[in-house]
Amino acid sequence: MSLAILLVAAAVVGLAIIFRLAAARSLQLRRQNPPAVICPVDLEAFRNLMDPREDRYLRRHLRARQFRSVRRERLRAAAAYVRVVAGNASVLVQVGQAAIAAGDPRLSGAAHELVNSALLLRRNTTVALARIYFAIAWPYSEFAAAPVADRYERLSGAAMLLGRLQNPAAPVRLLAQG
Amino acid sequence: MLQAHSFLWHYLWLAPHILQVGLAIFIWRRGLHRVFPVFFSYLIFEAAEEFTLYALDLSPSVSGETFWRVFFVGLVVEGLLKIAVIGELFAKLLKPWPAIAKIGGRLITGMGAALVLVATIAAALVSPDNTHVLISGSHILQQTFYIVESGLLIFLFGFVAYFKLNWTQQTFGVALGIGLLCCEHLATWAVMASGAMLDQRHLLDLLNMATYHLCVLIWFYYLLLPQKAATKSAVLPAENNLEIWNRELERLLQQ
Numbered sequence: 001m002s003l004a005i006l007l008v009a010a011a012v013v014g015l016a017i018i019f020r021l022a023a024a025r026s027l028q029l030r031r032q033n034p035p036a037v038i039c040p041v042d043l044e045a046f047r048n049l050m051d052p053r054e055d056r057y058l059r060r061h062l063r064a065r066q067f068r069s070v071r072r073e074r075l076r077a078a079a080a081y082v083r084v085v086a087g088n089a090s091v092l093v094q095v096g097q098a099a100i101a102a103g104d105p106r107l108s109g110a111a112h113e114l115v116n117s118a119l120l121l122r123r124n125t126t127v128a129l130a131r132i133y134f135a136i137a138w139p140y141s142e143f144a145a146a147p148v149a150d151r152y153e154r155l156s157g158a159a160m161l162l163g164r165l166q167n168p169a170a171p172v173r174l175l176a177q178g
Numbered sequence: 001m002l003q004a005h006s007f008l009w010h011y012l013w014l015a016p017h018i019l020q021v022g023l024a025i026f027i028w029r030r031g032l033h034r035v036f037p038v039f040f041s042y043l044i045f046e047a048a049e050e051f052t053l054y055a056l057d058l059s060p061s062v063s064g065e066t067f068w069r070v071f072f073v074g075l076v077v078e079g080l081l082k083i084a085v086i087g088e089l090f091a092k093l094l095k096p097w098p099a100i101a102k103i104g105g106r107l108i109t110g111m112g113a114a115l116v117l118v119a120t121i122a123a124a125l126v127s128p129d130n131t132h133v134l135i136s137g138s139h140i141l142q143q144t145f146y147i148v149e150s151g152l153l154i155f156l157f158g159f160v161a162y163f164k165l166n167w168t169q170q171t172f173g174v175a176l177g178i179g180l181l182c183c184e185h186l187a188t189w190a191v192m193a194s195g196a197m198l199d200q201r202h203l204l205d206l207l208n209m210a211t212y213h214l215c216v217l218i219w220f221y222y223l224l225l226p227q228k229a230a231t232k233s234a235v236l237p238a239e240n241n242l243e244i245w246n247r248e249l250e251r252l253l254q255q
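Line order of the protein sequences matches chains A and B.
Residue 125 in my numbering sits at position 125 of the first sequence, and the numbers go up by one each step.
Residue 247 in my numbering sits at position 247 of the second sequence, and the numbers go up by one each step.
Keep in mind that the hints were calculated from the coordinates and are not lab data.
Treat each hint with caution, since some may be false.
As the list claims (entries may be wrong) - Part of the chain B face toward chain A, derived, beta carbon under 10 Å: (1) I100; (2) A122; (3) G195.
Please read these numbers as outputs of a predicted model, since none were measured by experiment.
From the three backbone atoms N, C-alpha and C, an ideal C-beta is built for every residue, glycine too.
This is chain A alone, in the form it adopts within the complex:
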């Protein structure tokens, strides 16, 4: 009987999730041109946070306890960057899909490339975040989130191409001025 109660509860939760996502989709269809919010990312600062040479330098010059504390702070900052990158990738997926749906053959190729790059980046940010959280738990572990920065730079190229095709007079900015 307790198994039945558990399964009924799981079914109710499942229904709630499906209805919530269905309602979200319905709202998205009804909403008129919501502004896409892209937060520029300072890639240099992000790269610095991810630089293993910086970590090695800190490890040599700080006491173990101090190093753990500093590294955790740096990793938390890196996680915040990765979350912003993931958010931007999501916005670009939506923008690219909307451009494809608009049916303009001039934009289709660039939009497809943008969506694929953004999806790849979104996937990579998930892995990068997992690695960062792992490193927060074990500050001495080695990890690399640098591919996220490289992928983001490539994505900005795809976004700029689509932006230029859509509106040649208005540049698109994904990277922070710095």
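Got chain A sorted already, so can you dock chain B onto it with the hints?
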């Protein structure tokens, strides 16, 4: 009214499947059977299965044993077809995006394997609610299939939401209908398999049939209405800063 063999009971058993046949005809005429071949097969099989079961249920010459044998076989084919429909939806959503197609395929395969394991454990934990093996076995098998199907559908919805993929109206309609069906049926079959509500089984049957009716109407609505396009802005947010534009472009060109 809420009894077995009442008018409502007959209506709810037959009407959704008559509508389903109508839906299959519309799908064929609109050429959608080429877009959703597995779903189309499912609609036809499900309607044929339910008409057969209805006739067997009413026919006095058919034994209970025969009815449950046919029910069991139909249940296995129907369950496999529904899992194939979920696979079809997933393939439709991922096909245009090679960047996540591979990982998506691996994740849903892994999820399917995990769900089969969970469903098997859940089946092993259930004590049979009927002395007849075919009846209790059918109830447990229903529960097993619905655990796997509901889990896969929730994963599908979650995956699409996580990656902000766009549903087409038709894909969304099929997924919504089958998602609602699987989650509600999971709850009722779990109750039935546990042996609870023995005196009120007809109520659970009516609930299942009413839910199926609703799902067929959902499929009608989403598959046959003209497709709405997403109105989300197709234009990238622009910033009139030519200096940044030029610098970033130069940097990319130099790579």
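Evaluation of the provided hints:
1. A least Cβ separation of about 5 Å between I100 (chain B) and chain A falls short of the 10 Å threshold, and the interface hint therefore holds.
2. Because the smallest distance between the Cβ of A122 (chain B) and any Cβ of chain A comes to about 6 Å, under 10 Å, the interface hint for this residue holds.
3. Because the beta carbon of G195 (chain B) sits about 8 Å from the nearest beta carbon in chain A, less than 10 Å, this interface hint is met.
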